[in-house]
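Chains as they are written, first to last, in full-length UniProt numbering: chain X, 1 to 85; chain F, 1 to 201.
Calculated directly from the structure, the hints in this document are not laboratory data. A couple of the hints might just be wrong.
Covered stretches of chain X, going by a simulated chain F footprint (3 or more residues, C-beta under 8 Å) [said to hold, decoys possible]: (1) 33-45; (2) 49-57; (3) 61-67.
Capping the alpha-carbon separation at 25 Å, the derived lysine to any residue pairs in SDA-like fashion look like this [as the list claims (entries may be wrong)]: (4) K85/X to D35/X; (5) K11/X to D40/X; (6) K58/X to K42/F; (7) K50/F to E3/X; (8) K11/X to K176/F; (9) K85/X to E39/F; (10) K63/X to P109/F; (11) K176/F to W96/F; (12) K38/F to E70/X; (13) K42/F to L37/X; (14) K5/X to E22/X; (15) K53/F to I13/X; (16) K53/X to T103/F; (17) K42/F to E14/X; (18) K53/F to S93/F; (19) K85/X to Y105/F; (20) K5/X to E46/X; (21) K85/X to E19/X.
Beta carbons are placed, not taken as given, at the ideal position from N, Cα and C, and that holds for glycine.
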Amino acid sequence: MEELKEELKGKIIEVLNLEDIEVSDINDDDSLFGDGLGLDSIDALELIVLLDKGYGIKLSDPKQGKAIFESINTMADFISKNRTK
Amino acid sequence: MAETFYISAYTTVFDRQVAINGEVVYSSEASSFATFVKEAVKNIQVDYPKFYKMDNLSKLTFTAGEYLLRNRATVEDTAVILANRSGSLDTDSRHWETIQDETNYYPSPAIFVYTLANICAGELCIRHHLLAENAFFVSDGYDAESLHAYAAYLLLSGKASRVLCGWVELFGEEYKAVMYTVERTGILPHTIEQIDQLFLI
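Please model the entire structure based on the sequences and the hints provided.
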């Protein structure tokens with residue numbers, strides 16, 4: 001699980017073009033949206049693509065995203081339970 | 001008697017250089033536009049994370065706007081008139097590349113949202129709180145006559161007290177931005193000939 005969390009941090013930084021942010025700057029329970037990393041709605045769509053492209057998970061209900069993308073912890077937990085690749 | 005307007009400041013961004021009022025204030029040896037433009041905004045200590053998510057046309061527009069408007073008071077009733085030749089073709093091409101492989105079909109939302117040329121005008125307005133009307137034109141070449149007429153109309157009609165005009169052309173590694181503000185006071189006469197001259201500087 002720890003490996004998955006580190007991998008996720010790296011992918012988020014790369015996919016979302018987070019300048020001047022290192023993997024070590026993101027805590028597992030930091031909020032990804034709002035006051036945390038300050039991601040926006042387009043970033044949320046990119047995270048949905050990331051789940052599909054990287055882990056074979058298609059979100060059938062976009063409303064699920066709010067809970068799944070709360071933090072690295074919640075993302076990693078969801079991916080580990082639902083990944084197909 | 002017709003009212004006289006002036007170009008209050010102008011900036012150019014091309015060939016890895018940024019100039020303000022004709023004076024080069026930043027130059028780089030960067031090998032790509034992406035590197036050059038990133039260094040150019042860092043050079044003036046711009047802290048704006050959204051910049052790094054923009055497409056290259058918006059980065060070019062944003063950079064020209066930063067240099068043109070920095071250290072100047074915000075004028076909310078500033079109108080924005082931008083134009084270029086290639087529209088958003090650079091980003092359209094990047095989006096097209098993401099949808100060519102049916103077995104690896106993952107269009108990027110972050111790229112797709114920039115497949116409209118006028119998004120760069122929106123980025124400029126958001127950044128500098130410019131609330132008057134804005135327009136983006138795609139034309140074969142730098143059209144000083146139209147830019148002049150539209151800016152004068154906006155000022156005369158009272159729809160804006162400042163007009164930011166610009167040519168922001170980018171496709172691949174070819175780019176050029178010429179951006180200037182028009183007001184009731186300034187450093188150069190707001191004439192078609194002068195606007196043409198800015199493009200040649």
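Do the hints match the structure? See the list:
1. 33-45: Held - the region 33-45 of chain X has 4 residues with a Cβ nearer than 8 Å to chain F, which meets the minimum of three.
2. 49-57: n = 3 at 8 Å, threshold three: holds.
3. 61-67: Not satisfied, violated; 0 residues make the cut.
4. K85/X to D35/X: Violated. K85/X to D35/X sits at ~32 Å, over the 25 Å cutoff.
5. K11/X to D40/X: Distance ~16 Å between K11/X and D40/X Cα, so the pair holds.
6. K58/X to K42/F: violated, 38 Å
7. K50/F to E3/X: violated, 29 Å
8. K11/X to K176/F: Cα-Cα ~33 Å, so violated.
9. K85/X to E39/F: violated, 38 Å
10. K63/X to P109/F: holds, 17 Å
11. K176/F to W96/F: holds, 24 Å
12. K38/F to E70/X: violated, 30 Å
13. K42/F to L37/X: Judged against 25 Å, a Cα distance of about 20 Å means the pair holds.
14. K5/X to E22/X: The given pair, whose Cα atoms are some 13 Å apart, holds under the 25 Å limit.
15. K53/F to I13/X: OK: K53/F and I13/X at ~11 Å, within 25 Å.
16. K53/X to T103/F: With Cα atoms ~11 Å apart, K53/X and T103/F stay inside 25 Å; holds.
17. K42/F to E14/X: OK: K42/F and E14/X at ~20 Å, within 25 Å.
18. K53/F to S93/F: holds, 17 Å
19. K85/X to Y105/F: holds, 16 Å
20. K5/X to E46/X: Given that 25 Å is the threshold and the Cα spacing comes to 17 Å, the pair holds.
21. K85/X to E19/X: violated, 29 Å
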